[in-house]
Amino acid sequence: MDARVDRPVSRAAAAPLVRFEGVAKRFAGLPAVDGVTLDIREGEFFALLGPSGCGKSTLMRMLAGLETPDAGRILLDGRDIAGDPPHARPVHMMFQSYALFPHLSVAQNIAFGLKSQRLPRPAIAARVEEMLALVRLEGLGKRRPEQLSGGQRQRVALARALAPRPRVLLLDEPLSALDRKLREATQFELLALQKRLGLTFIIVTHDQDEAMVVADRLAVMREGQIVQVGRPAEVYEAPQSRYVADFLGAVNLFEARLEGADADDARFVGPDGRFVVAGAGEARSDAPAWLAVRPEKLTLHAADPGGSGNRLSGRLLETGYLGDRTTYVVELPSGRTLRAVRANAGQGAASPAIGATVWLSFAPAAAVVLTR
Amino acid sequence: MRRRRGGLAALVPGLWLALFFAFPFLLVAKLSLSHTALAMPPYAPQLDLAAGWPGLVETVRGFDLATYRRLIDDPLYLKAFASSLGLAGAATGLLLLIGYPIAYGVTRFRPATRRLLILAIALPFWTSSLIRIYAWIAILKPAGLLNKALGLLGLPALNILNTNAAVLLGLVYAYLPFMVLPLYAVLDRQDAALLEAAQDLGASPRQVFWRVTFPLSLPGAAAGALLCFIPMVGEFVIPDLLGGSGTLMLGRTIWTEFFANRDWPTASAVALVMLAALLIPILLVQRHARVAP
Chain A
1 MDARVDRPVS RAAAAPLVRF EGVAKRFAGL PAVDGVTLDI REGEFFALLG PSGCGKSTLM
61 RMLAGLETPD AGRILLDGRD IAGDPPHARP VHMMFQSYAL FPHLSVAQNI AFGLKSQRLP
121 RPAIAARVEE MLALVRLEGL GKRRPEQLSG GQRQRVALAR ALAPRPRVLL LDEPLSALDR
181 KLREATQFEL LALQKRLGLT FIIVTHDQDE AMVVADRLAV MREGQIVQVG RPAEVYEAPQ
241 SRYVADFLGA VNLFEARLEG ADADDARFVG PDGRFVVAGA GEARSDAPAW LAVRPEKLTL
301 HAADPGGSGN RLSGRLLETG YLGDRTTYVV ELPSGRTLRA VRANAGQGAA SPAIGATVWL
361 SFAPAAAVVL TR
Chain B
373 MRRRRGGLAA LVPGLWLALF FAFPFLLVAK LSLSHTALAM PPYAPQLDLA AGWPGLVETV
433 RGFDLATYRR LIDDPLYLKA FASSLGLAGA ATGLLLLIGY PIAYGVTRFR PATRRLLILA
493 IALPFWTSSL IRIYAWIAIL KPAGLLNKAL GLLGLPALNI LNTNAAVLLG LVYAYLPFMV
553 LPLYAVLDRQ DAALLEAAQD LGASPRQVFW RVTFPLSLPG AAAGALLCFI PMVGEFVIPD
613 LLGGSGTLML GRTIWTEFFA NRDWPTASAV ALVMLAALLI PILLVQRHAR VAP
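Protein sequences, first through last, are from chains A and B.
Taking the numbering used here, the leading residue of the first sequence gets 1, the next gets one more, and so forth.
Taking the numbering used here, the leading residue of the second sequence gets 373, the next gets one more, and so forth.
In case anyone wonders, no lab produced these hints; they're calculated from the structure.
Here the structure is a predicted model, which means the values were calculated and not measured.
Cβ coordinates follow ideal geometry from the N, Cα and C atoms, glycine included.
Among the clues, some could well be false.
[Unchecked claim] Pair ranges (Cβ atoms, derived): (1) A/Glu184 <-> B/Asp563: 22 to 32 Å; (2) B/Arg486 <-> A/Ser97: 17 to 27 Å; (3) A/Ala250 <-> B/Asp563: 55 to 65 Å; (4) A/Arg121 <-> B/Arg486: 36 to 46 Å; (5) B/Gly618 <-> A/Arg121: 32 to 42 Å; (6) A/Ser97 <-> B/Leu380: 34 to 44 Å; (7) B/Ile444 <-> A/Arg118: 51 to 61 Å; (8) B/Phe392 <-> A/Gly139: 27 to 37 Å; (9) B/Arg480 <-> A/Arg180: 20 to 30 Å; (10) B/Leu524 <-> A/Arg118: 42 to 52 Å; (11) B/Arg480 <-> A/Asp209: 38 to 48 Å; (12) A/Arg167 <-> B/Asp563: 54 to 64 Å; (13) A/Gln147 <-> B/Ser576: 23 to 33 Å.
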């Protein structure tokens with residue numbers, strides 16, 4: 001996994017392929033993108049992740065030239081591309097709706113961008129064949145888009161955007177129209193394709209799993225701003241705010257105030273009890289802080305585990321059996337609910353009965369201290 | 373259950389078609405196979421329903437194709453036919469050339485403005501078509517508005533009233549909304565993502581139009597062309613008011629046969645031949661629509 005992350009990093013030290021500098025865009029007076037500064041490296045699979053309306057699509061559309069920024073600069077290969085019309089940018093987009101031309105065959109759709117480049121006919125035909133093979137649609141070139149399945153259309157859209165050899169491929173929610181199984185398989189295909197071509201892909205998605213699977217790095221967006229950028233594992237394990245912790249995966253948050261800290265541990269106290277955490281982070285004793293613990297890092301016990309570690313007790317409210325894992329919802333005496341997940345790896349891990357008193361424990365290193 | 377509902381739902385258009393299309397059509401067909409007679413009504417044989425089955429057999433025995441033979445033999449009808457198709461065809465071509473830029477231009481405005489512009493295009497047609505065609509007489513007559521304006525500009529007068537040029541002008545004017553509205557409907561419904569995709573794939577604005585917008589608007593152009601061409605072939609009022617003695621159009625021919633010559637069989641035969649000829653473009657468009665929706 002790390003090989004693919006490290007390769008582009010060395011090259012990126014010089015200059016990023018795409019740079020957003022203080023980019024802003026308003027629609028009807030409301031900020032859609034609000035001062036975004038972001039570097040995307042050559043050969044990287046980068047994900048813009050956020051809920052709908054967070055400005056991620058607008059940011060991508062500005063790179064494609066389909067929207068004009070109100071402020072800031074967008075650099076491609078170190079050059080400001082503000083003056084370039086969309087058709088002159090070596091950036092191609094795969095649209096969420098695929099936007100396949102209904103009056104053209106699959107092959108003609110794929111050839112569309114090549115014709116714009118005024119390539120000779122044999123070169124276009126060869127490239128179309130190459131693209132059809134790349135997305136495993138050999139022999140379907142003469143079909144019309146409406147004669148294809150959803151998954152096939154998605155691949156035509158991908159081939160069409162890749163055919164003119166863009167410097168950057170933009171993918172706007174590319175898999176949202178596929179059913180779950182196909183979507184998951186396609187995520188891995190996209191990833192393999194991107195690594196094989198060595199191209200820079202930027203994907204816009206609201207699906208955190210999708211972003212985690214495909215991205216070398218991702219940016220979490222909120223209300224037009226980027227709140228955190230990093231490798232998926234970094235952002236998941238070390239979120240910098242409650243928003244990110246909650247958006248990327250599920251999380252249990254404990255409000256707690258820093259009580260004291262020594263070289264190894266920090267002690268927190270809050271309405272749910274006292275906790276020992278490895279490191280105080282940015283928490284101060286005079287400001288509120290939160291401890292974020294992922295559900296899979298909470299261990300469920302049917303009996304009091306004892307000891308001096310972090311533990312809470314409550315009533316088991318419900319269990320959700322998902323096959324590979326089981327989710328437990330535990331209600332604390334305060335009325336707050338916590339979520340714990342246990343992998344169903346072996347036998348003998350029978351779930352406690354609903355309504356039973358259970359204990360949850362977590363290691364000091366399992367909690368992340370958040371101050372925002 | 374589903375079948376039954378389909379059957380009931382089909383009854384309404386079926387009844388409508390039977391009453392207002394099939395029945396009159398059969399009447400006209402029967403008329404066209406009769407011959408003129410000095411009687412009231414002026415044709416024979418007459419179907420005597422009181423005579424029952426033998427009466428019907430008698431009537432059918434009296435049918436002949438003499439009228440149709442005369443349509444072929446007399447060059448007048450062929451000429452009227454060719455002239456009608458020619459004028460309607462030329463008018464359709466002009467309507468496409470004028471209507472397309474109008475419809476496309478309207479879609480470039482903001483939605484609220486678009487609705488206003490479409491209303492403005494349709495508005496004159498809320499007044500009687502007869503009045504609007506008479507207005508053209510006032511414009512085109514030798515001392516009319518057109519020639520006054522030309523005179524002021526120092527240009528020679530243009531006497532086109534009572535010529536085919538005036539008929540063409542009248543047809544284009546009268547049918548313009550029927551061309552613009554279907555074209556506007558397809559252009560307005562066009563998926564903005566397709567235009568963005570074309571731009572994104574390197575097409576300049578001009579290329580976007582010719583490679584995406586235009587081909588996707590062809591069904592609208594076909595609908596508009598049919599909607600105009602078919603009634604124009606049989607148009608009566610415009611050639612009658614704006615055309616001259618040299619203007620031969622089927623609508624006028626039918627009128628003359630029916631009312632001036634009291635030749636109902638010939639009028640009916642001309643009407644049927646026109647209908648048959650007009651079915652051809654309709655079927656062609658429908659077949660094309662099935663292949664490429």
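Right, here's what the structure says about each hint:
Range check, A/Glu184 to B/Asp563: about 28 Å between beta-carbon atoms, so the 22 to 32 Å window is met. Checked against the given bound of 17 to 27 Å, the beta carbons of B/Arg486 and A/Ser97, roughly 23 Å apart, stay inside it. Checked against the hint of 55 to 65 Å, the C-beta distance between A/Ala250 and B/Asp563 comes to roughly 37 Å, which is inconsistent with it. Roughly 40 Å separates the CB atoms of A/Arg121 and B/Arg486, a value that falls within the hinted 36 to 46 Å.
Checked against the hint of 32 to 42 Å, the pair B/Gly618 and A/Arg121 fails, with Cβ atoms roughly 52 Å apart. Distance hint for A/Ser97 and B/Leu380: a CB-CB separation of about 38 Å, consistent with the stated range 34 to 44 Å. Checking the proposed 51 to 61 Å range against B/Ile444 and A/Arg118 shows it holds: the Cβ atoms sit about 55 Å from each other. Between B/Phe392 and A/Gly139 the beta carbons are some 51 Å apart, a value that contradicts the proposed interval 27 to 37 Å.
Distance hint check for B/Arg480 and A/Arg180: the Cβ-Cβ separation is about 42 Å, which falls outside the suggested range of 20 to 30 Å. Hint check: B/Leu524 to A/Arg118, Cβ distance near 51 Å, so the stated range 42 to 52 Å holds. Between B/Arg480 and A/Asp209, the C-beta spacing of about 42 Å keeps the proposed range 38 to 48 Å intact. Evaluation of the 54 to 64 Å hint for A/Arg167 and B/Asp563 yields a failure: the beta carbon distance comes to about 27 Å.
With their beta carbons about 30 Å apart, A/Gln147 and B/Ser576 fall inside the hinted range of 23 to 33 Å.
Taken one by one, the earlier hints fail for this structure at numbers 3, 5, 8, 9, 12, listed in ascending order.
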